[in-house]
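> For reference, the chains in residue letters:
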Amino acid sequence: MIRDKVLVKCIVNGKEVAEYVDPRESLLDMLRNRLGLTSVKKGCEVGECGACTVIIDGETVDSCIYLAVWAEGKNIRTLEGLEKNGDLTRIQEAFIEEGAIQCGFCTPGFVMSATVLLERGEVLTREAIKKHMSGNLCRCTGYQNIVNAVEKVMKENAAENEGA
Amino acid sequence: MVGKSIPRVDAYEKVTGRAKFTDDLILDRCLVAKILHSTIGNGIVTSIDTSEAEALPGVVKVVTFQDVPDHCYPTPGHPWSVEPAHQDIADRNILTGRIRYYGDDIAAVVAEDEVTASRALKLIKVEYEEYPVEIHPRKSMYGSNPPIHFDKKDNVLARSNFFIGDVDKGLEESETVVKRSYKTPIVQHCHIENPISFAYMEKGRVVVVTSTQIPHIVRRVIGQALGIPWGRVRVIKPYIGGGFGNKQDVLYEPLNAFLTMQVGGRPVKLDISREETFRNTRTRHSIEYDLTAGVDKDGRLVAKEMNAYSNQGAYASHGHAIAANGLTAWRLQYACPNIRGEAYTIYTNSPTAGAMRAYGIPQAAFAIECFMDDIAKEIHMDPLEFRKKNLIHGYYEDAYLKPIAANTNGIFECLEKGAEYIHWDEKRKEYADQTGDIRRGVGVSVFSYKTGVWPISLEIAGCRLSLNQDGSVQMQIGATEIGQGADTVFSQMAAETLHMDVENIHIVTVQDTDVTPFDTGAYASRQSFVTGTAVKQCAELLYDKILAYAKTLLPEQETRELSMDHGWIYAGDEEAISLEAVAQEAYYSLSNSSVLTAEVSTQVKKNTLASGCCFAEVEVDMKLGTIKILHIINVHDSGKLLNPQLAEMQVHGGMSMGMGYGISEQIVLDEKTGRMLNGNLLDYKLMTALDTPDIKADFVELDDPEGPYGNKALGEPPAIPGAPAIRNAVLHATGVAFNENPLTPQKLIDGFKKAGLI
Numbered sequence: 000m001i002r003d004k005v006l007v008k009c010i011v012n013g014k015e016v017a018e019y020v021d022p023r024e025s026l027l028d029m030l031r032n033r034l035g036l037t038s039v040k041k042g043c044e045v046g047e048c049g050a051c052t053v054i055i056d057g058e059t060v061d062s063c064i065y066l067a068v069w070a071e072g073k074n075i076r077t078l079e080g081l082e083k084n085g086d087l088t089r090i091q092e093a094f095i096e097e098g099a100i101q102c103g104f105c106t107p108g109f110v111m112s113a114t115v116l117l118e119r120g121e122v123l124t125r126e127a128i129k130k131h132m133s134g135n136l137c138r139c140t141g142y143q144n145i146v147n148a149v150e151k152v153m154k155e156n157a158a159e160n161e162g163a
Numbered sequence: 000m001v002g003k004s005i006p007r008v009d010a011y012e013k014v015t016g017r018a019k020f021t022d023d024l025i026l027d028r029c030l031v032a033k034i035l036h037s038t039i040g041n042g043i044v045t046s047i048d049t050s051e052a053e054a055l056p057g058v059v060k061v062v063t064f065q066d067v068p069d070h071c072y073p074t075p076g077h078p079w080s081v082e083p084a085h086q087d088i089a090d091r092n093i094l095t096g097r098i099r100y101y102g103d104d105i106a107a108v109v110a111e112d113e114v115t116a117s118r119a120l121k122l123i124k125v126e127y128e129e130y131p132v133e134i135h136p137r138k139s140m141y142g143s144n145p146p147i148h149f150d151k152k153d154n155v156l157a158r159s160n161f162f163i164g165d166v167d168k169g170l171e172e173s174e175t176v177v178k179r180s181y182k183t184p185i186v187q188h189c190h191i192e193n194p195i196s197f198a199y200m201e202k203g204r205v206v207v208v209t210s211t212q213i214p215h216i217v218r219r220v221i222g223q224a225l226g227i228p229w230g231r232v233r234v235i236k237p238y239i240g241g242g243f244g245n246k247q248d249v250l251y252e253p254l255n256a257f258l259t260m261q262v263g264g265r266p267v268k269l270d271i272s273r274e275e276t277f278r279n280t281r282t283r284h285s286i287e288y289d290l291t292a293g294v295d296k297d298g299r300l301v302a303k304e305m306n307a308y309s310n311q312g313a314y315a316s317h318g319h320a321i322a323a324n325g326l327t328a329w330r331l332q333y334a335c336p337n338i339r340g341e342a343y344t345i346y347t348n349s350p351t352a353g354a355m356r357a358y359g360i361p362q363a364a365f366a367i368e369c370f371m372d373d374i375a376k377e378i379h380m381d382p383l384e385f386r387k388k389n390l391i392h393g394y395y396e397d398a399y400l401k402p403i404a405a406n407t408n409g410i411f412e413c414l415e416k417g418a419e420y421i422h423w424d425e426k427r428k429e430y431a432d433q434t435g436d437i438r439r440g441v442g443v444s445v446f447s448y449k450t451g452v453w454p455i456s457l458e459i460a461g462c463r464l465s466l467n468q469d470g471s472v473q474m475q476i477g478a479t480e481i482g483q484g485a486d487t488v489f490s491q492m493a494a495e496t497l498h499m500d501v502e503n504i505h506i507v508t509v510q511d512t513d514v515t516p517f518d519t520g521a522y523a524s525r526q527s528f529v530t531g532t533a534v535k536q537c538a539e540l541l542y543d544k545i546l547a548y549a550k551t552l553l554p555e556q557e558t559r560e561l562s563m564d565h566g567w568i569y570a571g572d573e574e575a576i577s578l579e580a581v582a583q584e585a586y587y588s589l590s591n592s593s594v595l596t597a598e599v600s601t602q603v604k605k606n607t608l609a610s611g612c613c614f615a616e617v618e619v620d621m622k623l624g625t626i627k628i629l630h631i632i633n634v635h636d637s638g639k640l641l642n643p644q645l646a647e648m649q650v651h652g653g654m655s656m657g658m659g660y661g662i663s664e665q666i667v668l669d670e671k672t673g674r675m676l677n678g679n680l681l682d683y684k685l686m687t688a689l690d691t692p693d694i695k696a697d698f699v700e701l702d703d704p705e706g707p708y709g710n711k712a713l714g715e716p717p718a719i720p721g722a723p724a725i726r727n728a729v730l731h732a733t734g735v736a737f738n739e740n741p742l743t744p745q746k747l748i749d750g751f752k753k754a755g756l757i
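The listed protein sequences correspond, in order, to chains Z and F.
Taking numbering that gives the first Met the number 0, the leading residue of the first sequence gets 0, the next gets one more, and so forth.
Taking numbering that gives the first Met the number 0, the leading residue of the second sequence gets 0, the next gets one more, and so forth.
You may find that some hints are simply not true.
Derived BS3-like pairs: lysine-lysine, alpha-carbon spacing no greater than 25 Å straight-line [to be verified]: (1) Z:K130 - F:K627; (2) Z:K151 - F:K695; (3) F:K428 - F:K376; (4) F:K3 - Z:K151; (5) Z:K130 - F:K3; (6) Z:K154 - F:K695.
FYI, nobody ran anything at the bench for these hints, they're computed from the structure.
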């Protein structure tokens with residue numbers, strides 16, 4: 000039996016993508032298996048751990064519980080889309096500076112969640128940052144330095160905006 | 000270089016998502032295997048019919064317990080012992096028809112894709128004969144018919160005990176005798192990457208790529224499980240997404256190796272689900288403790304006794320080593336002339352328990368440190384004062400296992416730092432005798448922890464260094480980076496001893512048993528101590544070789560002492576030749592070329608005790624039964640810090656686990672079937688960012704004479720003292736002694752009701 004595939008057209012990391020996917024397929028599987036975007040990690044496949052977090056039209060989404068076919072017409076960003084020819088974004092640098100990385104498996108999801116938060120341009124309390132990041136689980140860091148990294152960049156951005 | 004907070008050597012790869020983990024290396028371009036798990040908790044398979052599954056299009060192979068090699072094998076990540084009496088218990092097959100826990104592995108399907116494999120599982124028909132299920136060790140230890148393993152009639156896997164002095168006499172002579180019982184829950188590691196492997200065959204050998212802490216041990220166990228020569232097995236370990244001891248066990252690698260051999264060596268991936276990770280890999284043992292102690296009129300410990308009952312679950316895994324480690328802890332750190340200890344490890348129909356960060360000590364420390372507070376309360380003494388009165392100053396050693404000793408001991412300085420941070424004296428007074436719905440308290444706990452496993456097991460490590468043409472150094476080690484920062488500190492160590500910039504040390508992060516020097520892997524907080532010793536020796540060897548070769552190039556400097564520093568060879572204090580020039584000659588000289596390399600395989604017969612403490616301040620809502628952790632600090636005596644930032648990161652992560660152990664984490668099993676009821680990341684409550692207060696890590700740095708760079712254990716210890724410190728803070732806040740963790744709202748409400756507080 001040859002199962003019908005469905006054509007999905009979307010933007011991934013700024014590029015147009017057209018893929019025939021299995022209608023049962025998750026966006027996570029499409030991104031990893033068809034597009035080779037292996038920063039998108041699989042930790043639970045039921046939307047509990049946040050390792051597969053990607054940005055869809057400006058919102059963070061667990062791509063494991065998002066069907067690939069729903070991506071039609073959407074703008075999707077993964078960690079691979081942040082770095083430009085080796086130059087890191089400020090939040091990526093801050094993750095390194097603040098020691099927010101250990102095993103690195105949850106890191107891509109955290110960076111994507113932080114990216115959305117920072118792009119909103121709000122200045123939040125530590126408690127509010129923690130709340131925003133609480134959909135991403137990490138077992139290595141105790142979250143302390145992850146929150147420090149986000150807070151640091153948020154303050155930098157605020158200072159820059161004030162200066163401008 | 001050692002002692003500096005340089006960024007992780009793998010930080011860039013990880014923050015860009017380029018670091019390749021096991022699944023990233025194969026994706027869906029292989030066959031997929033799925034496992035059929037039992038739907039009973041104890042019994043036997045009376046019939047199994049795989050014909051419908053085999054007929055499903057896309058199914059390549061179905062195997063059952065009847066097809067696997069009949070080789071019982073051990074799984075724990077211990078060094079093998081050549082003495083049969085010290086070998087790990089071999090009590091499992093790759094698949095089984097004798098079901099010992101709910102979810103046991105009966106059969107496996109290999110299919111073209113995941114959906115087909117899952118559908119095929121549902122087509123396998125199994126009939127069982129069921130036996131009664133027993134998940135409690137203190138009931139199981141009276142035996143069952145049939146026993147869980149036929150050679151252990153009473154279901155007791157092992158028992159051990161020790162005596163120092165005369166406990167009965169000591170208790171008789173004591174002013175006050177206190178008896179209490181404590182219990183710790185089953186919890187799990189919750190590394191974010193599930194165990195995963197893929198296997199294929201190459202030139203008649205089986206290759207397994209796997210997320211493991213112990214590649215060289217996995218190789219041996221696959222050989223044992225399949226009954227094939229160990230040299231025919233190759234294990235590769237890429238980046239791994241956390242381990243915490245679960246991957247210090249051989250999990251499904253033997254099955255994966257077996258499956259590829261069943262399909263002609265085609266690549267087969269075995270990617271288990273989060274739910275399987277919870278139920279079918281390993282957990283931390285639940286242990287029940289009965290403790291007795293007598294103190295004199297000054298509050299000094301005169302005699303103490305521990306009886307421990309450890310729930311092993313269905314298979315031996317690390318077995319009695321966990322409970323036995325707790326017995327050792329009972330002898331250490333506190334001065335007491337008369338000590339007795341006895342521990343049982345008991346098979347039950349629970350999921351299998353194994354190694355988890357700090358190897359039996361989080362359990363023992365919970366019991367011991369709650370007990371210390373309970374004794375202090377009984378004799379109306381401040382619990383910090385009670386500890387200071389009874390903790391040993393300076394050097395101490397284990398009475399039984401030599402040379403385990405506190406060669407440096409910073410516990411009093413740790414307590415001083417912690418007490419100051421938490422404002423102990425003020426808050427003990429301020430929070431005494433509270434009433435009302437919201438109450439606060441402060442608590443403390445201490446621990447000591449071994450560095451590595453000597454003399455209980457072998458300690459061996461390997462390192463290989465070679466000088467590149469540009470004067471940089473290539474480094475290979477058998478020890479594994481699992482997130483803790485091993486690659487970074489090993490690079491720093493080599494740079495330190497070779498007097499080079501750390502940028503010029505190129506460490507190979509992947510372990511491959513075909514090429515990687517032998518090392519037993521990441522566990523027991525051993526690597527910076529044991530592998531660190533090998534790295535230092537190897538670097539010293541290469542340093543000497545470089546200078547000896549340089550000497551042949553510098554005949555005019557014959558009389559002067561040569562040294563090396565940051566890319567230059569010095570004669571006396573003059574630059575004589577660049578390291579790059581030496582390296583070029585070594586590679587390409589037509590008269591005397593010999594690439595400069597060094598390799599060591601080092602046995603370490605040392606063990607030094609690290610220690611530390613936790614102070615916590617909590618706020619308890621008496622009506623909701625919730626605990627808010629306001630402030631928490633761990634202070635560690637782990638010798639000299641190799642990389643202060645990485646050290647702090649280790650402590651943060653351990654503290655997070657300790658808090659979860661204290662207030663929220665527990666696996667719940669159904670009493671009748673043994674089925675796990677909350678084996679997922681939603682119902683199993685590990686700490687989220689929102690649950691976590693700001694956490695503080697601090698250190699007391701003593702230069703340990705046994706550590707290669709003055710260092711001692713730090714990987715696991717941070718996870719130890721949090722839970723009892725929180726429990727003791729709740730005791731201070733409310734006067735209610737909770738003797739079982741985690742302190743969930745249900746337990747608190749029940750306890751407060753019983754105490755008449757609400």
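> Taking only the CA atoms, is the gap from K154 of chain Z to K695 of chain F under or equal to 25 Å?
Holds - the C-alpha atoms of K695 of chain F and K154 of chain Z are around 22 Å apart, at most 25 Å.
> With the threshold set at 25 Å, check whether the alpha-carbon distance from K151 of chain Z to K695 of chain F stays at or below it.
The given pair, whose Cα atoms are some 18 Å apart, holds under the 25 Å limit.
> Is K130 of chain Z within 25 Å of K627 of chain F, Cα to Cα?
With a Cα-Cα distance of about 16 Å, the restraint between K130 of chain Z and K627 of chain F holds, given a limit of 25 Å.
> Is the Cα-Cα distance between K3 of chain F and K151 of chain Z 25 Å or less?
22 Å, holds
> Take the C-alpha atoms of K428 of chain F and K376 of chain F, compute the straight-line distance between them, and say whether it is at most 25 Å.
Holds, at about 14 Å.
> Quickly compare the C-alpha distance for K130 of chain Z and K3 of chain F to 25 Å and report which way the hint goes.
Not satisfied, since the Cα-Cα distance of roughly 33 Å exceeds 25 Å.
Checked against the numbered hints above, the structure violates only hint 5.
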